[in-house]
Amino acid sequence: MIIFLVHLGEIASVDKPLDLLQSRLDRLMRTAVSLGSLSAYGTLFGIQQISKNRLEIQQGPVYPALYRLDHRGRITSEWDESENNRTAKYYRLTAAGMRRLQTEVEKWNPIADVIAGIPGTTPEEV
Amino acid sequence: MTLWSRLRSWVQAMLRRSRMESEMDAELRFHIEEFAEDLVRGGLSRQEAMRRARMEFGGIERAKEECRNERRVSLVDSLMQDMRFSVRQIRRNSGFTLAVAITLALGMGANTAVFSVLHTVLLRPLPYRDPNRLVTVWQENVQRQQLDKATVADFNDWKTRNRVFDDLAFSWDAAYTLTGPGDSQSVMGYQFSANFFSLLGARPLLGRTFLPEEGTQGRDHVVVLSYQFWRNRFASDEDVIGRTIQLDGDHYIVIGVMPSDFGHPSAGTDIWTPLPFPVELLENRRLHVFQVIAKLRSGVRLAQAQQELESLAQENARRYPQTNQHWGIQLKPIRDTYTGNVRPALWVLQAAVLFMLIIACANVGNMLLARAGTQEREVAVRLALGASRGRLFRQFLIQGLTLAVMGTGAGVLLAWWGVQVLPLMFKAQLANLPLPARASGWMNWPVLLLTVAITAMTSLIFGAIPAFHNPSRSSETLNISSRATIERKSALRIRRVLIVGQMALSLLLLVGSGLLIRTFLRLQARSLGFETDHLLTCVFSLPPNRYPNVSKTGSFLEQVLARIRVLPGVESAGGINTLPLSGMDARRPITVPGVLDDSGQQNVAQFRVVTPDYFRAMRIPLREGRFFDERERVGSPPVAIVNQKLAGLLWPHLNPIGQHILVPDAAIPLLTEIIGVVGDVRHAGLASEPPIEIYRPAYQTYWPFFGLVIRTSLDPERLAGAIRQAVQSVDKDQPISSLRSMDALATDSIALRRSSMLLLMLLAGVAVLLASLGIYSLISYTVILRTHEIGVRIALGARHRDILKSVVGQTAFLALIGMAIGLIAALNLTQFLSSLLFGVTATDLKTLLLAMTVMMAVTAGAAYMPARRATRVDPMIALRYE
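Chains A and H supply the protein sequences, listed in that same order. First residue of the first sequence: 1, per our numbering; consecutive thereafter. First residue of the second sequence: 127, per our numbering; consecutive thereafter.
If you are wondering where the hints come from, they were derived from the structure by calculation, not from laboratory data. Hints should not be assumed to be uniformly reliable.
As the list claims (entries may be wrong) - If the Cβ cut is set under 8 Å, some of the chain H residues that face chain A in the computed set are:
#1 149
#2 153
#3 157
#4 160
#5 161
#6 182
#7 184
#8 185
#9 188
#10 189
#11 192
#12 196
Yeah, the Cβ is synthetic: ideal placement off N, Cα and C, and Gly gets one too.
The whole structure should be built from the sequences, with the hints applied where relevant.
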């Protein structure tokens, strides 16, 4: 698993499990945000929906992750009215973030296909 | 561009810290409320929903902190926190911090200042080519232990027969009166042989120096100006080259101006003129007239050259026993000409401030180690609560840094002040050396940097020590319930070594300053042989072309003194050729007719030419016979007055009055009758022995320069203007110079010893204070450490004496070891002071004992205060923590 993630180009070092977690969270966030302008709370829902409720992520760490992406210029934020007339901060993917997501998706999809295929592979197929 | 965007976001975060904080608050509040809203929709009560929402979110503050971290705001934040923390610490321990900062500043500032001055005076390269090969050559009277200038004949022998010098050059002084253009003025001149400048390798700022042919009669009317003289008299006019000036009425062409750092043989020299070889003195081995410099051949050492010339001197002593017996030769590095006797004083001072720097650093180390002990528990607690080691380290480093900034800042100020004050304290001794005008010219920047670095490192290293807390000891540290102080064996060991070192060095400084104080007291107890108060002095030279003989000089003196005597406030006034304490000197050989000197060597007495009222004005007592009076005129029988010392030497069992001696007048021995005996005078200052002296009347003997002494009932300095007018009313072209009170001259003559004494006293005082602080803090520290134990002991019936003994015992032992080391060091090192000492030996027992007593008393005082606290420990309170 570690080796695969290195290929994804998001991490500098394999022996830092925290970075691994962070990079995975970052990717999820970006994917969620790419679906449209969302509040932080909204991204949480987004992630849950993308993963069809299979992923349970903690709420606290969402914020540092968003700030991190913002700091790196992958997403941008603005204050807007929410559905029930309250001001909320909305996040949107920037062009740079979009490019980054695309390259990762291109890299990720073949690998994901392979990984998805592994459990079902029978000895005869090899 | 991501780097840029990161930077921008960081800058924004930094600039809009409060906005970011409030946005973060709003965002999180929105999150939780939204979440709660959803939960309410799911059927929960609003209150319960809010509780659940907060719970599920997790640590809000932690999330915020991580967000800040992502923006890299926290680094700056925590730095600010550490700063604020260390400022708070400093405010809380203001006494401690002030003590450390002042100690650092003293050590650093004093060192920088002293070394800067030492470097400028003793180490700075001279503005010559190969300065290390340049030497001055002197003849030395071995019997009198006195250096003298060279005779022309001996110089000629050296020049033709040595194999160690590239070349030699000669010079003598020449006082001139500048008579035009502009107001007349006396100038300090020096006549150089034509090769003098080129031998030094000194280059002019403007124009040129002497050509070889300008060292011949008739072509020698050229002059080189000093920078000072050019600036003051000619307003730095570059067109001065080629102009004609009048010296003693003769015309000289200005050919060059020397740079500001050139001043040979002294910084006060105004002009240089060529000195043709005085052929008429070629065979003369009696008149010591030449100041000689020489350049050693490349590869020849000073000692080698000294040896070779010594053998030349011995040969001459055999060939010319009449004149050269007992005369040796001394070579000296040329720098000695400028620095003279200030050299040992500066080195001693440098050693003393270096010792003080060591003591200061030891003390700061000591204090910071003690504080580290009290902070250890704090460190352990904070580590246990999850503080990161790096953060702790940074915080202690910042504490150290704050100290370093305060200490070095004050130190730099002190150094700046020092390089301005120190040269003033040694002003009279530094008069020969061209010196920087501004403090920045004195300051030695590399050394300033070095001392700043040392000081900063000391405070940083010792400041950071608590952060090196050993985590394996944490539980132990936390378990100890004593007053937040943990004994660290290694720290305590370092502190003990520091105490021993401090005591040793303090005692050494104390002994040194004690020796100088005793020297000074001895000197003060002596008498100069005349009264210095209410006495104004000045000097002038009478140009030979206008005052060619005794009737001219005599009548000038007589008229001037007559006008001065009637000025209000003047009690009496007299003139003398060589003013005491002025550094001027004139000697003549004397013989008693019919008495053969068994040593084959004539007595050489100080030769004074005085007006009748000189003795009254100076209050030099008459012992026998009479003073000079109106009878002594040109043509009247030659008479003289001798001092007691000479009378005792020549006529130990006879009445000197009416005796006759032979003393040269204008090179011809003159039979002279003794008419009086006067008291001895310490002509060269308090530390000198009175020379043998013979006085001749000024109205009977020619002399080309004079000093005046004017006794007043008012402040002598206030008469200066009136004196100048009186002289100018007799001869409007006659300038006078060096109008100073005799008190000022007397102060100058002991300034070297007085300044050295004051500075060393100050340093020793600071050292002793620091050492006693060290002792005080070490004992207070042990007392705090052992409060519990002491409480138990007292509860068990220990007496005060036992407690005192157990608390002070070890420190007292350390102090004694330190003093023993200091004593040994003092016995070996104070010999370097000997050239500054007078009337005491470097190993003076009284001084040693006194210094030890002072040291012990101060130590005992410093130890007693905290020790007494130990005896007052209340066992009830000490044991309650159990």
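Now for the hints, and whether the structure bears them out:
no., hint, result
1, 149, "holds, 7 Å"
2, 153, "holds, 5 Å"
3, 157, "holds, 5 Å"
4, 160, "holds, 5 Å"
5, 161, "holds, 7 Å"
6, 182, "holds, 6 Å"
7, 184, "holds, 4 Å"
8, 185, "holds, 6 Å"
9, 188, "holds, 7 Å"
10, 189, "holds, 4 Å"
11, 192, "holds, 4 Å"
12, 196, "holds, 4 Å"
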